[in-house]
Amino acid sequence: MLRRFAISCLLATLALPAAARTRPHYGGTVRVKIEGDPWQRPDGLPRRLIFDGLTTLDRDGTVRPALAVEWESESGDRRWQFRLRPGVHFHDGSPLTAVAVVASLAASCAANCPWNAVHAVGPSIVITGDSPMPNLPSLLAGGQFLISLVLTADGKTANGAIGTGPFQLTGFNNGVLTLAANENCWQGRPFADAVEIRVHRLVHDQWLDLGVGRADVVEVPAEQLRQAQEQRLTVAESSPATLLALQIADSGALANPTLRAAIALAVDRGALFNVIFQKQGEVTASLLPQALTGYSFLFAADRDLNKAHQMRGGLATPPLTLSADQGGAMQLAAQRIALNLREAGFNVQVVGTGTQHSDLMLRKLPLEGGEPAAALEALLRSAGQTPPVVEQTSAALFKAEREFLDQKTLIPLLYLPRAYSSSGRVRDLQLFPDGTPDLAGVSLEDAP
Amino acid sequence: MSLRQRLLLLFSLTVAAAVAAVAWTVLVRIRYVFEQRDQEETTLFVSQFQREFQHRSAEVATAVDHLSASERARGMAFEIVQSGDASPYLTEAQTMAQDVQLDFLEIVGPDGNVVSSAQWPARFGYPEPAAADPAQAPFLKREDLPDGSSSLGLFVVREVHGAEPAVRLVGGERLDQTFLADLPVAPGMQVGLYSDSNATPNQSSPPDASTNITTAFDPKRLVGPSGDVPGAARYQKLIEEARKSGQQTNGILYLTDRREDSVNASAIPLKNQAGNVLAVLTVAISRSGMVEAQQHIRAIAYGVAAAGILLAIAFSLWIAARVSRPIEQLAHAAEEVAGGNWDVHVPEHGRDEVSVLARSFNHMTKQLTSQRERLVQSERVAAWRELARRLAHELKNPLFPLQLTVENLVRARELSEEEFDEVFREGTATLGTEIANLKTIIGRFSDFSKMPKPELERIDAKDMVARAYSLYANAGNHDDAKIRVETETSDEPMPLMADPELLHRALSNLVLNAMDAMPEGGRLTISAHPRGGKVEICVADTGTGITPEECERLFTPYYTTKLHGTGLGLAIVQSVVADHAGTIAVESRVGGGTAFIITLPRAES
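These protein sequence lines map, in sequence, to chains A and B.
Numbers 12 to 459, taken from this note's numbering, label the letters of the first sequence in order.
Numbers 10 to 614, taken from this note's numbering, label the letters of the second sequence in order.
Be aware that one or more of the hints could be misleading.
In silico EDC-like pairs for lysine to aspartate or glutamate, Cα to Cα no more than 20 Å straight-line [what the hints assert, rightly or not]:
hint, chain 1, residue 1, chain 2, residue 2
1, B, 246, B, 266
2, A, 290, A, 241
3, A, 290, B, 266
4, A, 290, B, 101
5, B, 459, B, 508
6, B, 471, B, 529
7, A, 290, B, 88
8, B, 459, B, 266
9, A, 167, A, 103
Computed from the model, here is a short list of chain A residues facing chain B with C-beta under 8 Å [to be verified]:
hint, residue
10, 84
11, 86
12, 89
13, 90
14, 282
15, 287
16, 290
17, 294
18, 341
19, 343
20, 346
21, 364
Honestly, the hints are just simulated from the structure, not real lab data.
Don't be surprised by glycine CBs; every beta carbon is placed ideally from N, CA and C.
Please construct the entire structure, taking both the sequences and the accompanying hints into account.
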């Protein structure tokens, strides 16, 4: 008996460190490397670490309270009232007030807003619109509408990025953005003490840094996911978070919708999917993915060059310009699309990133979760389009999407995931529904 | 043109022509020599270009051979053949090209489609016809690039070792200004490479740069080792000719308006294996050295010509002193002789032809002078004889009645007193009459010898005509014959600077002559008309007329066709007209009347 007890005690003693290793540790600095602009809206990586939304989406896309604890709608979803969470403070110590939220929302939505007016009513904010806004709680969970401190208590413009999130901005030196844990975060303190984000670092260099232990979290573009897997990197991959789409100007040389339809038919999605994006994501001709709506397969994604020729009908078009968002794969995809269109008889020249008023734009649009109707509205708003008011039924959604796509101003091409690779010292790296890493939930293996 | 001027001109032209001929010959020779040299340099450069071309071809071939034998390429080819999935190797060509420093590299799968392209990554999946024949020698190809431009390259095709079916590599190096910069270029030589553009994308087929698409000339596509070629637009004709003919074309190009900036240019077409011209290599050798030498020689020629012309002037002056001056003196003397001065003498020097001519001339003038003196003397004698004959004739007529009268008077002394008185009265009357005749005759001769100097005043010819008409309008009316006097004058003024009395006297003589010529009556017309800057006064009759021979002698003094004329009337008329700087002419035919035409200068207004 004593012997058995002694053995049990010995086993328990040996098991304790193992159990201790499975618990997240507080402390340490998470080193992140990214290639692009950290503040890029709506899905810049530090934005969700510093700012919170009035609402948030959980993993399955359900809208959950965040800075707003409850909300209700009136007048057929034309008037919404959100009651703010009490006791929340910005990083500078100032309380989260309805006035601050109103200022933030006004600043973040200069044009193409879902609402007409927003104002504070006591501890609540009231948002009103001319047309129904059934998806407003879901939209407010998007990265576009995260709440930041715009005006300080004395009415002055706030310096820096000040939010209510788990991390607060402490500095930006030599290309490194430094965030410190927000000890008083309403969600609770994050595990890591700090996050260092080195910006404008090439992906190749990020991977080298990861390999030699100088980075903890690095980007894995969709087109390099297969390579990352081959190199046995630890990768956290989101569900489709980005829609690769070709936006066509409906004016000028392409005012004729038949020409736009010919362009849509001439694009070879298979080449983009199979080769450039290395079979990551999925080919689509619809705005919302199959998993979200169930009807995506009804939209034909096949290339039909002969029909494209027929639809063009020998119409001569002036040289067209095609621009693409930043990124090597995006430029390559743009070149490929230009080649496709050249086969269909269009003279397309790829122009540099940032070129204004190009005839065609290859864009990556954020695909946020939530209800399908809300996702569609968010997607169209991010594309600069005015979304239709859609009933919350699949048939209505399908009809609305079909009608919009028939205009041939936005041609969906691929859904792409977002992915990040982490080093061995990082534990529990999860991604938000928009594909950004949730570093607040990350802990470090070697933290004290 | 004087002899001196002719000599000067002749010498100058001779010198200038000689200098021009020499200069032209030298210039042509220089040009030939320079062109020969340029041709040799061009040929040398072309051979160097070909050697460099071969060297680069070998480099490209080595690089692509190295790649095709590498473990990496073989592994890739194996995977592509085994799995049929070439997508993982999308960027492989870029990596490989960087490793071996190739500008162009395409991996072409077993199906002939591009797996990976270093120069145009988006071109995967499209066929690459150039990869069809891996055994071919290095070749030129124009490669389309993503930005719509194209670039000329030197390409090699190789199969990746060990893969079946074959995976091929199409590698190449750009043939551009960097390539030109590596070529040894002689001083003064400028090389350029013009490559055609496929800027207009092929609208209906996948990109393929193997075809020869001749586009319009674009000066910007002519590049030299350091970028733009100066005066690239001037190469257009030469390059287009080379592109069209496929043969080397030579010519002189003027890069600016200055001759020094001209070049001897050659355009050498560069072709692919199908014989299509893909690019044109230009070699231009400056002609500034030749032009400067030509200008130097031309300046020397001008100097020599100028000096020659100065020498010609000096020589012509010397020749003039020796040759042309005696001739000029002779010519001057001849002019003097022609002018009536026969008393001239030219110097006689030496024994040459000019001296003989001078002696002959002097002898001739001496002979002329002596003959003239003899002629004058004989004419003077003849005139005196004629004068004596006239005087004798004129005086004889009245003297004969005088003699008879005196003899009658002498015989009448024997008659009665009454009869004597009768005879005496008749005799004295006859004596008076004949003495008066003698006075008249003597007066006419006296008048001719004492022609007064005209006193000029401004008169109108119409007035002179009117005065003559008023005097003689009725003078011709006899019982047996009637002469009708008429006048014809112009309405416009006909001013004359003349002595009215002398002119009236001349007109009167002509009118009286005309009346004498119409014994049977007729019409006498006195007219005056302006004739340009002159005034023409005409006295015409319808009388018997005179013969041409008589017309020639009509104005000779003492010549008359009338029975009792002195022959001084028309001589006086001619004298008066001559004193007024006028002329007198006669027009007549026998039986058709005679017209005397006096032409006088019109007075200035």
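Chain B contact restraint on residue 86 of chain A - CB to CB distance below 8 Å: At 52 Å from the nearest chain B Cβ, residue 86 of chain A fails the 8 Å test, so the hint is violated.
Status of the residue 89 of chain A interface restraint (C-beta, 8 Å, chain B): With a minimum Cβ separation of about 48 Å from chain B (threshold 8 Å), the hint on residue 89 of chain A is violated.
Hint check: 8 Å Cβ-Cβ cutoff, residue 84 of chain A to chain B: At 48 Å from the nearest chain B Cβ, residue 84 of chain A fails the 8 Å test, so the hint is violated.
Restraint check for residue 290 of chain A with residue 266 of chain B, where alpha carbons must lie at most 20 Å apart: 64 Å, violated
Hinted contact residue 290 of chain A with chain B - closest CB pair below 8 Å: Result: holds, 7 Å to nearest chain B Cβ.
Agreement of residue 471 of chain B and residue 529 of chain B with the hint, judged by alpha carbon distance not exceeding 20 Å: 29 Å, violated
Interface restraint verdict for residue 343 of chain A against chain B (beta-carbon cut-off 8 Å): Constraint on residue 343 of chain A satisfied, holds at 5 Å.
Restraint satisfaction for residue 282 of chain A [CB to CB of chain B, less than 8 Å]: 6 Å, holds
Hinted pair residue 459 of chain B and residue 266 of chain B, Cα distance within 20 Å: Roughly 85 Å between the alpha carbons, so the hint for residue 459 of chain B and residue 266 of chain B is violated.
Residue 246 of chain B paired with residue 266 of chain B [C-alpha distance capped at 20 Å]: Holds, at roughly 17 Å.
Hinted contact residue 364 of chain A with chain B - closest CB pair below 8 Å: For residue 364 of chain A, the interface hint is violated, since the closest Cβ of chain B sits about 14 Å away, which is over 8 Å.
Given pair status - residue 88 of chain B, residue 290 of chain A, alpha carbons within 20 Å: 17 Å, holds
Hint check: violations occur at hints 3, 6, 8, 10, 11, 12, 13, 17, 18 and 21; the rest are consistent with the structure.
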